[in-house]
Amino acid sequence: MDTGPALVSILRQGSYLIASIHTALDDSQMIRFQEDLIEQIGQRRSRGVIIDVAALDVLDSFGSKTLRNIGEMARLRGATTVIVGIQPDVAFAMVSLGMGTGSLYTALDLEEGLEYLDRNVRKDPGAVGTTSSSLS
Amino acid sequence: MDEDSRIDSQTEADGVTNEHHREDELLPQLVAHLREHRSKLREEWAHRIQDAHLLHAMTPQEMAVETKSVYDNYVEVLETGSVEALQDYARDLSERIIPRGVETQEVVGIVLLLRDVLARSLFEKYQRDFALLNRVLDAYEPAANRIANTVAVSFVDERERVIRQQQDAIRELSTPVLPVRERLLVLPIIGVLDSERARQLTEQLLAGIRTHRAKVVVMDITGAPDVDQTVANHLVQTVDASRLMGASVIITGLSPKIAQTLVTIGVDLSKMNTIGDLQGGLEEAERLLGYTVSRQDGSAR
Amino acid sequence: MVQRFVHSRVANEAVADDIVQETLVRMLVAVERVEPGILEPYAIVTARNLVASMWREQERHRRNQHRIVDLRGPDSPDESLLEQEDRGAVAEALGRLSERDRRTLVAHEVSGQDTQSLAEELGVTAGAVAAQLNRSRARLRVEYLLALEPGGSVTDRCRPVLFAMSSGDRRRQREVDAARHLLECALCEKLSQPLLARGQRSDDQVRIRIHADADIVLARQSAREVAARLEFPRTDLTVIATAVSEIARNIVRFTEGGEVVVELLEEPRRGVRIVARDTGPGIPDVEAALVDGYSTYHGLGLGLPGARRLMDEFAVVSEVGRGTTVTMTKWRQEG
Chain A
1 MDTGPALVSI
11 LRQGSYLIAS
21 IHTALDDSQM
31 IRFQEDLIEQ
41 IGQRRSRGVI
51 IDVAALDVLD
61 SFGSKTLRNI
71 GEMARLRGAT
81 TVIVGIQPDV
91 AFAMVSLGMG
101 TGSLYTALDL
111 EEGLEYLDRN
121 VRKDPGAVGT
131 TSSSLS
Chain B
1 MDEDSRIDSQ
11 TEADGVTNEH
21 HREDELLPQL
31 VAHLREHRSK
41 LREEWAHRIQ
51 DAHLLHAMTP
61 QEMAVETKSV
71 YDNYVEVLET
81 GSVEALQDYA
91 RDLSERIIPR
101 GVETQEVVGI
111 VLLLRDVLAR
121 SLFEKYQRDF
131 ALLNRVLDAY
141 EPAANRIANT
151 VAVSFVDERE
161 RVIRQQQDAI
171 RELSTPVLPV
181 RERLLVLPII
191 GVLDSERARQ
201 LTEQLLAGIR
211 THRAKVVVMD
221 ITGAPDVDQT
231 VANHLVQTVD
241 ASRLMGASVI
251 ITGLSPKIAQ
261 TLVTIGVDLS
271 KMNTIGDLQG
281 GLEEAERLLG
291 YTVSRQDGSA
301 R
Chain C
1 MVQRFVHSRV
11 ANEAVADDIV
21 QETLVRMLVA
31 VERVEPGILE
41 PYAIVTARNL
51 VASMWREQER
61 HRRNQHRIVD
71 LRGPDSPDES
81 LLEQEDRGAV
91 AEALGRLSER
101 DRRTLVAHEV
111 SGQDTQSLAE
121 ELGVTAGAVA
131 AQLNRSRARL
141 RVEYLLALEP
151 GGSVTDRCRP
161 VLFAMSSGDR
171 RRQREVDAAR
181 HLLECALCEK
191 LSQPLLARGQ
201 RSDDQVRIRI
211 HADADIVLAR
221 QSAREVAARL
231 EFPRTDLTVI
241 ATAVSEIARN
251 IVRFTEGGEV
261 VVELLEEPRR
271 GVRIVARDTG
281 PGIPDVEAAL
291 VDGYSTYHGL
301 GLGLPGARRL
311 MDEFAVVSEV
321 GRGTTVTMTK
331 WRQEG
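Residue numbers (my numbering), protein chains in the order written: chain A, 1 to 136; chain B, 1 to 301; chain C, 1 to 335.
Hints were generated in silico from the structure; no laboratory data involved.
We put the CB at the ideal spot given by N, CA and C, even for glycine.
There could be a bad hint or two in this list.
When the alpha-carbon atoms are kept at most 20 Å apart in a straight line, the in silico EDC-like pairs for lysine to aspartate or glutamate are as follows [as the list claims (entries may be wrong)]:
(1) B:Lys257 with B:Asp277
(2) B:Lys271 with B:Glu284
(3) B:Lys68 with B:Glu95
(4) A:Lys65 with C:Asp213
(5) B:Lys68 with B:Glu44
(6) A:Lys65 with C:Asp292
Over the 10 Å line for every Cβ pair with chain B, so calculated as not near, a few chain C residues [stated by the list, open to error]:
(7) Glu121
(8) Gly127
(9) Gly257
(10) Glu266
(11) Val316
Bound conformation, chain A alone:
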């Protein structure tokens, strides 16, 4: 809960969590965001998580790795994660750097992300790990 509302917001919508990063985060803020989000996934028994990074002007190796970690941890807690809103120039810089998002899903924007979750998140808790069609 350290992460103030000015930096990120985590909203609940049904069984999904929608986390929006509103501004550039430094590494420790990024870690706090990760901890907050994972905690809330557990508390709210969320089935899907959307992380909106449209406001980020850079996703460097640490940022990308943190997003990937969140995806992995969320999966272990039974939730599917979709990253949305990666800007064209950020996407280009990420691949030039040598980064992908690994097994994370990416979608154009919030709307696409929600559509993806609706399609792919099963209603019963037993079927959560099935969402992987690697994007790396």
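Following the hints, put chains B and C in place on chain A, whose structure we already have.
Frame of chain A, contents of chains B and C only:
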């Protein structure tokens, strides 16, 4: 002419202490001489240009106008030592004649001809006094060479600018991102891909994905004769970056040679969605777009 | 010796801030108090004082001096000689301007007449007056520097080249082939340094201390802002910011601290150069550190090799126990 004789006699009388007056006094004399004989020298020059078959893209009237301007600018530079006005003129002239196919060597050629015509005239005038002639030429030559250099550089700069403009225009044309139907972009790559063009292509595609909210991109490289390692890497990065924006890329028209290049540099083709031809690619795209619907049904069950 | 002293001052900072113009501005402030007849001597004294004050200020703030300069203190016994020289230099420089240029410059800088009313008087546009003022200032700088080098052998190429440097006009610099002339002419090479230094101050260079996480963000944002002045395409700005983020993180992770310097380049091409320095433990095997996957913390090992992929030029110099300097450059794609 009075001045001439004054200088002459001074030279004979006092050649050494006169040294430091050299540029101060000789150049104005040169300039006066070149102004006085302007029309004769200019005509001589125009003849030489014709004899050398330079600037045949221009009409005689244009030639007359331009040679007058060049001549006057030339003399002015000799007089003032400042090349600014000449630069502006040379740039302006270049802008007018470049579209008509005038080549660099023609421009350099005419300026060198003028230099020689004027040098010859100075030679005639001062040949009586070899020492004085030497000093006149010492004053004239560096200035004349600087003028030739200025004109050539202005022309080449202008030419490069025009070429860059044209390249940009061609690039814009040759990497169109076509929205074929909702959520589907086709990117036909035609012609040689250098790394600069590949970079622009990526930028255009990524921007296009966002603008058109594309989910599938068919990149058809049938029209690309060859790709080197740099460009191949770039293609792979483009595919990855598209994925980060939520779009899948299907590559079609991959020649065996390019496939070979990709494999050689360690691209895992199994991770790339490649289809033989554009038609097949479009079908696959439709399937992917439709597939998401049927999969939704499937997973809901 | 006086000559050398003066030059060291000037090369260091003095002309960097356009002393002469500064003088005129101060005269503007003082014009009420000064009798018309003594305006010129007043200007000269002001210029001299300005040299001295800026000199001291610069020495205080002197950081990362790349050039080796003669840093003798301003209390040198040569002071009075210096004073005379400055007087002469400013007067001579002003005298070298055309009547019209000098009149316009003084009317604008000293009497405070705006360009619009000057334009009406001269029967030209305000833009033309502004351009004329800029040319006059550039010329004044050149003449001031030349006047401080009375022994220098000035050829007919020197003034156009110095003027092109002074006005910061790159096209003109190319046209007079300034780069070549600077190689050939020792005098211009020397004088062009303060002229160049002028353009590279503050705006074109940003320095960020790197100690904590937040500095990484600051560094990459600063790099983006500085590079944006060269109108890099947006993609390149992000690429540069990402590379800066990576190397700044290395400093935070592995060292006590360091700095990132972002500077714009004009030569040989337009571009942005980033220098990251630290006084950390150094990298024992730079070659290995440039290979993907090399990592001594729980990152991805993409720091150095990733940044290298993002930039056009990349160099690492590291000394174990002393620290590491990473220098990387992105060129602006022209056209």
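These are the hints, each one checked on the structure:
1. B:Lys257 with B:Asp277: With Cα atoms ~15 Å apart, B:Lys257 and B:Asp277 stay inside 20 Å; holds.
2. B:Lys271 with B:Glu284: Holds, at roughly 16 Å.
3. B:Lys68 with B:Glu95: holds, 18 Å
4. A:Lys65 with C:Asp213: This hinted pair holds, its Cα atoms lying about 16 Å apart.
5. B:Lys68 with B:Glu44: holds, 12 Å
6. A:Lys65 with C:Asp292: At roughly 15 Å apart (the allowed maximum being 20 Å), C:Asp292 and A:Lys65 satisfy the hint.
7. Glu121: Fine: 24 Å to the nearest Cβ keeps C:Glu121 off the interface.
8. Gly127: holds, 16 Å
9. Gly257: holds, 33 Å
10. Glu266: Holds: least Cβ distance 16 Å, greater than 10 Å.
11. Val316: holds, 22 Å
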